[in-house]
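Peer 1: Once you have looked at the hints, place chain F on chain V.
The primary structure of each chain is shown beneath.
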Amino acid sequence: MNAQVTVPKFRLPSFIARLGGRLPQWPHTLTLVAALNAAQKMKLLPASELAPLEDKLFRVRVLDTGGEATYTYRDGLFRPVFRPEREPDLAFAADLSAYLQLLTRQEDPDTLFFKRELEITGDTELGLIVKNMLDAIEWPSLPRLPLTTPH
Amino acid sequence: MNQLPDLVCPAGSLPALRAAVDNGADAVYLGYRNDTNARNFPGLNFDAKNMAEGIRYAHGKGREILLAINTFAQAGRVGDWQQAIDAAVDQGVDAIILADVGLLDYACKRHPHQRLHLSVQGSATSYEAINFCQREFGVRRAVLPRVLTLPQVEQVIQNTTVEIEVFGFGSLCVMNEGRCWLSSYACGESPNTVGACSPARYVKWDKQPGRMDTRLNGVLIDRFGDDEPAGYPTLCKGRFEVAGETYYALEEPTSLNVLPILPEIIKIGVRAIKVEGRQRSPAYVTQVTRTLRAALDALRDGGERYHVKPAWQAELAKVSEGSQATLGAYNRPWR
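Here the protein sequences line up with chains V and F, keeping their order.
So in this note's numbering the end of the first sequence lands on 869, straight run, no missing numbers.
So in this note's numbering the end of the second sequence lands on 339, straight run, no missing numbers.
Just chain V, same shape as in the assembly:
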């Protein structure tokens, strides 16, 4: 990921969450699941770490957009779950800016958690496995596009 981009802490206006909560949840669920499967195909996710994820139910909730995605991992693929019939094994909830800061490795997940900006509920050990897996990913360096060249 491009660490040159600084993601500020922000919170979207509350009407967006109200609106987002009424919109269908499948587009971003499919996007997230597709991204996870792509990461897996690129061998960014260590195979040895994926086994404990089998049949677990995960929920990612973006508080200030009202979006949420529930998915599972089964037979080597991440799969969307549109009508979860039970509580997730592991659930994340945070504002969009916190997720962006995590993805760009700008903020430490422990810091966000301790500051109560990232909520993690469910199986703590599973949470640690996922956190450590994300931390261990070696993002391929993306080719620098002319748009992002610093002036």
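Some hints here could point you the wrong way.
What the hints assert, rightly or not - Straight-line C-alpha distance at most 27 Å; calculated DSS-like pairs for lysine-lysine: (1) V/727 x F/53; (2) F/208 x F/322; (3) V/833 x V/727; (4) F/65 x V/727; (5) V/774 x F/208; (6) F/53 x F/65; (7) V/833 x F/322.
Think of the hints as simulated: they come from the structure by calculation, not from any bench.
Peer 2: Same frame as chain V, now just chain F:
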């Protein structure tokens, strides 16, 4: 001025190792993916392949790799720890950090040319203990437990030729290093036995309206209001009811931060400064490494004019556990 101490930074993954190297660590310390090291958390640490890549990266930039085999060999399984030592030597790490005297003995006999460091878990607080490890096992460096005052550290340094490494930044615990069984009291497992304090599978975060409870194997450790900073539930940092009052009965969550006394640490001849946190993310390693690097370089370049920049303190405060930083035992008045 004395030689600038080495900055020794933690890595629990390859990206963290690269972050440490890229941000100015002189050495990176890490562990294998098993209970031979005291940060044996799921998904963390290095297998042989990652270790080889990490060593290649660090050596390519002229930095050192220190491998922590800092738990105590368990009965019936001593071979696992010995194999870890053999593998580390084969892989070409610059030093192995050991706590167990039995393993120190094995390592110095089997691999007489391998550089050995005495781990903080070895709990050597006197120069007699350190000189013993030098005489018997050829230990070249000792990491001091976080219980000594600065004058006591200086006294150790004046009475030994073993290099002395001290902690410079990171979360503090009760620091009964190498001997703590508090975690076992709640869940039957502790750093010196399974390689992890308060293992995650015993930890529950229970979110209720208006509060969050944290439990370790069912034992209520703390209760946080919605806006209150939370902490990982270890017994030593819990709030308990004692004689009708609920408070941090053992210790308040704090972070050690030695920036204000860095000149004194260098003056007394400390050879290396260690950052805690192999379980933390690459973002943490980046922030802490670059801040301490900046402080050390400022001291080298400015000498007498050294002062702690607010920006450094702000960067470190952000990643600290608890809301306060302390000089720890270094400046306590009692002994």
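Peer 1: Now, for every hint given, state plainly whether the structure supports it.
Peer 2: A quick look at each hint next to the structure:
1. Distance check on the hinted pair: residue 727 of chain V and residue 53 of chain F sit about 37 Å apart at the alpha-carbon level, beyond 27 Å; violated.
2. A threshold of 27 Å between alpha carbons decides the hint, and for residue 208 of chain F with residue 322 of chain F the separation of about 24 Å falls inside it, so the pair holds.
3. Annotation: proposed proximity of residue 833 of chain V to residue 727 of chain V holds, straight-line Cα distance about 13 Å (limit 27 Å).
4. Proposed proximity of residue 65 of chain F and residue 727 of chain V is contradicted: the alpha carbons are some 34 Å apart, above 27 Å.
5. For a cut-off of 27 Å, the pair hint linking residue 774 of chain V to residue 208 of chain F stands: about 17 Å separates their Cα positions.
6. Pair hint residue 53 of chain F plus residue 65 of chain F holds up; C-alpha atoms about 19 Å apart against a cutoff of 27 Å.
7. At most 27 Å may separate the alpha-carbon atoms for a hinted pair to count; residue 833 of chain V and residue 322 of chain F meet this at roughly 9 Å.
Checked against the numbered hints above, the structure breaks hints 1, 4 and satisfies the rest.
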